[in-house]
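Enquirer: Following the hints, complete the assembly by docking chain B onto the known chain A.
Note that the protein sequences, when read in sequence, are chains A and B. Here the numbering used here runs 156 ahead of the position in the first sequence, where the first position is 1. Here the numbering used here runs 156 ahead of the position in the second sequence, where the first position is 1.
In short, the hints are calculated from the structure, not lab data. Note that this is a predicted model, so its numbers are computed, not measured. It cannot be assumed that every hint is accurate.
Identical chains blur together in the list; that is why a pair holds if it fits in one copy or across any two.
[To be verified] Computed list of lysine-lysine pairs in DSSO-like fashion (alpha-carbon distance at most 27 Å, straight line):
no. : residue 1 : residue 2
1   : Lys-270   : Lys-281
2   : Lys-281   : Lys-305
3   : Lys-206   : Lys-232
4   : Lys-281   : Lys-232
5   : Lys-206   : Lys-408
6   : Lys-206   : Lys-270
7   : Lys-408   : Lys-232
8   : Lys-203   : Lys-232
9   : Lys-375   : Lys-408
10  : Lys-203   : Lys-270
11  : Lys-203   : Lys-281
12  : Lys-375   : Lys-281
13  : Lys-305   : Lys-232
14  : Lys-203   : Lys-305
15  : Lys-281   : Lys-408
16  : Lys-375   : Lys-203
17  : Lys-408   : Lys-203
18  : Lys-232   : Lys-375
19  : Lys-270   : Lys-232
Here are the chains, one letter per residue:
Protein chains: 2
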Amino acid sequence: MTVLVFLDPAYPQGRVADATAPTLMATDQGATRGDGIFDSMLAVNGKVRKLEAHLSRLVSSANIMELDIPGPDVWKAAITTALAEFRGTGTDGAGSAGAAAAAEQPHQDEAVVKLLATRGPEETKLPTCWIQVSAPSALGAQQRASGLKVMFLNRGYSSTVAQDAPWLLMGAKTLSYAVNMAALRHAHEHGNDDVIFTSSDGMVLEGPTSSVLMAHYEKGDDGTVTKRLITPQLDTGILPGTTQGALFRAAKEAGWELGYGPLVPEDLLDADAVWLISSIRLLAPVNELDGQAVGTAGVREQLTEELSALLAGIE
Amino acid sequence: MTVLVFLDPAYPQGRVADATAPTLMATDQGATRGDGIFDSMLAVNGKVRKLEAHLSRLVSSANIMELDIPGPDVWKAAITTALAEFRGTGTDGAGSAGAAAAAEQPHQDEAVVKLLATRGPEETKLPTCWIQVSAPSALGAQQRASGLKVMFLNRGYSSTVAQDAPWLLMGAKTLSYAVNMAALRHAHEHGNDDVIFTSSDGMVLEGPTSSVLMAHYEKGDDGTVTKRLITPQLDTGILPGTTQGALFRAAKEAGWELGYGPLVPEDLLDADAVWLISSIRLLAPVNELDGQAVGTAGVREQLTEELSALLAGIE
Numbered sequence: 157m158t159v160l161v162f163l164d165p166a167y168p169q170g171r172v173a174d175a176t177a178p179t180l181m182a183t184d185q186g187a188t189r190g191d192g193i194f195d196s197m198l199a200v201n202g203k204v205r206k207l208e209a210h211l212s213r214l215v216s217s218a219n220i221m222e223l224d225i226p227g228p229d230v231w232k233a234a235i236t237t238a239l240a241e242f243r244g245t246g247t248d249g250a251g252s253a254g255a256a257a258a259a260e261q262p263h264q265d266e267a268v269v270k271l272l273a274t275r276g277p278e279e280t281k282l283p284t285c286w287i288q289v290s291a292p293s294a295l296g297a298q299q300r301a302s303g304l305k306v307m308f309l310n311r312g313y314s315s316t317v318a319q320d321a322p323w324l325l326m327g328a329k330t331l332s333y334a335v336n337m338a339a340l341r342h343a344h345e346h347g348n349d350d351v352i353f354t355s356s357d358g359m360v361l362e363g364p365t366s367s368v369l370m371a372h373y374e375k376g377d378d379g380t381v382t383k384r385l386i387t388p389q390l391d392t393g394i395l396p397g398t399t400q401g402a403l404f405r406a407a408k409e410a411g412w413e414l415g416y417g418p419l420v421p422e423d424l425l426d427a428d429a430v431w432l433i434s435s436i437r438l439l440a441p442v443n444e445l446d447g448q449a450v451g452t453a454g455v456r457e458q459l460t461e462e463l464s465a466l467l468a469g470i471e
Numbered sequence: 157m158t159v160l161v162f163l164d165p166a167y168p169q170g171r172v173a174d175a176t177a178p179t180l181m182a183t184d185q186g187a188t189r190g191d192g193i194f195d196s197m198l199a200v201n202g203k204v205r206k207l208e209a210h211l212s213r214l215v216s217s218a219n220i221m222e223l224d225i226p227g228p229d230v231w232k233a234a235i236t237t238a239l240a241e242f243r244g245t246g247t248d249g250a251g252s253a254g255a256a257a258a259a260e261q262p263h264q265d266e267a268v269v270k271l272l273a274t275r276g277p278e279e280t281k282l283p284t285c286w287i288q289v290s291a292p293s294a295l296g297a298q299q300r301a302s303g304l305k306v307m308f309l310n311r312g313y314s315s316t317v318a319q320d321a322p323w324l325l326m327g328a329k330t331l332s333y334a335v336n337m338a339a340l341r342h343a344h345e346h347g348n349d350d351v352i353f354t355s356s357d358g359m360v361l362e363g364p365t366s367s368v369l370m371a372h373y374e375k376g377d378d379g380t381v382t383k384r385l386i387t388p389q390l391d392t393g394i395l396p397g398t399t400q401g402a403l404f405r406a407a408k409e410a411g412w413e414l415g416y417g418p419l420v421p422e423d424l425l426d427a428d429a430v431w432l433i434s435s436i437r438l439l440a441p442v443n444e445l446d447g448q449a450v451g452t453a454g455v456r457e458q459l460t461e462e463l464s465a466l467l468a469g470i471e
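Pulled out of the complex, with its shape left as it was, chain A reads as follows (with noise of 0.2 Å):
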């Protein structure tokens, strides 16, 4: 199942619309250009977690794609319509039935909640926004469990060309995922399930969605133990990640040490652990980089643990 919510000045709470109907011109220029922006969020029991992130990298898409959205409070309110609708609660009458199924079911009810925004129609040009609210998809769960296969792909570009120009949105997160999209199916179609994006120049740069992070895990002679997370540094024009953010933080006060690239892919092969990190499939542990495994075993697996327990509490 899955709801759409239009942001419709004529409806300040959002305009829901039938997803199984076209809702969208086909002259919009999210679908001839992909010129448009979007964000993804997980809901858990109809909250949003990171929610202000979200929006605010949100906004920071829209800013470096000068696209005049509406404000984050028009957003919140039409995704709170959209969650409703999702879980059941909405004003369509469907409410009671739908609450009490999700109150009966023993385990969390997610949602895959996605913002999008186009530049609009080409006769108008004024943009589209909505909101989709769907269910996870089953992979995210049984990649989180079983690790990940990973190659690195040459994402073609300089890790200092984001600096210089502006015009390849490079920090942004635009519909323009042609790219991204050809990449997994790349790895796919050579016995990879995901991709580790490096620089022209051999810098480590990010998943095609998703942030890398690798561990360094070491105990000394008197048993103290240091931890140290670490991520590529965001010069290098990648997204900057919401969920390894939030973990960063979550890690800080748990005593670890963070870090910031520059990272080379010998970094990650030599690193007590590796994962990709994202809003939705969360922390996915890397096995396995362009065939060689990956990771320190019994520490990787205490490190995946540690750092999921994290995540689980950030709201």
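Expert: Using the frame of chain A, we list chain B on its own:
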């Protein structure tokens, strides 16, 4: 007025749709991920120019994107329907009046015919394919007549990356055009009309929606004239220009010499004329490049006239 015709197995001649109503699913991966392809063609008096070249490029884009789209005959049938609708000679009853109006016009009637194909809605993953016909903008004719101020912008990719990184989709005309649009916005904000992309290693590539052409003109002591038309080579990952290709063939028959890059920005600044060429705007002379005057006065105008005449003869 915009005409929409969808490719639909239930309608062998194409399904005409209301362009003023929503016709796309909000979950279509064209809209949510720029995951699709397109091509733009010019129709004059109801006949598409270079139809086979455009359909062939569409198939090539689909192959690079691993997108399973209907064959050329299906597209052709729908194009015929769309052009008939646009020219008022369709089956919807508005036919005779529209045709009469068109016949009364002293100038040729021109139409932009856009072919689009996406990876389809997330639920079905069946490609969504449609044709959009609309009138050309007045800006194109104006720019052909008055010429362009153009700036160089770094496309971020090396000129050799295309050969090793098929996942970057170089040479495919994908719907992920956000960078192309951002480059044009950047140019407009800096007082320019258009952009010529360069590679990170300094080679001339293409415009965001056009191919680059330059010419050398030499008159020997014996009065012999040598005219040489040059364009960047395709292995830089640029899009094969259907209009550039057709003009090259016509120019060769007319006695021109042909050349293919590598070209650097200085080559363009030293040329006797530089143009951006594309299917809709056709041949637009470049007056200025990064603020420097381009071309040899007199020669530039003569060559533009000569090549435009050749272009007008291309079917």
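Enquirer: Confirm or reject each hint.
Expert: Hint by hint, here is what the structure shows:
no.	hint	in the structure
1	Lys-270 x Lys-281	both (22 Å within a copy, 19 Å between copies)
2	Lys-281 x Lys-305	between (42 Å within a copy, 25 Å between copies)
3	Lys-206 x Lys-232	within (12 Å within a copy, 49 Å between copies)
4	Lys-281 x Lys-232	within (23 Å within a copy, 30 Å between copies)
5	Lys-206 x Lys-408	within (17 Å within a copy, 62 Å between copies)
6	Lys-206 x Lys-270	within (13 Å within a copy, 41 Å between copies)
7	Lys-408 x Lys-232	neither (29 Å within a copy, 61 Å between copies)
8	Lys-203 x Lys-232	within (11 Å within a copy, 50 Å between copies)
9	Lys-375 x Lys-408	within (18 Å within a copy, 74 Å between copies)
10	Lys-203 x Lys-270	within (14 Å within a copy, 43 Å between copies)
11	Lys-203 x Lys-281	neither (33 Å within a copy, 30 Å between copies)
12	Lys-375 x Lys-281	neither (59 Å within a copy, 50 Å between copies)
13	Lys-305 x Lys-232	neither (37 Å within a copy, 43 Å between copies)
14	Lys-203 x Lys-305	neither (32 Å within a copy, 51 Å between copies)
15	Lys-281 x Lys-408	neither (45 Å within a copy, 43 Å between copies)
16	Lys-375 x Lys-203	neither (39 Å within a copy, 76 Å between copies)
17	Lys-408 x Lys-203	within (25 Å within a copy, 66 Å between copies)
18	Lys-232 x Lys-375	neither (46 Å within a copy, 69 Å between copies)
19	Lys-270 x Lys-232	within (12 Å within a copy, 37 Å between copies)
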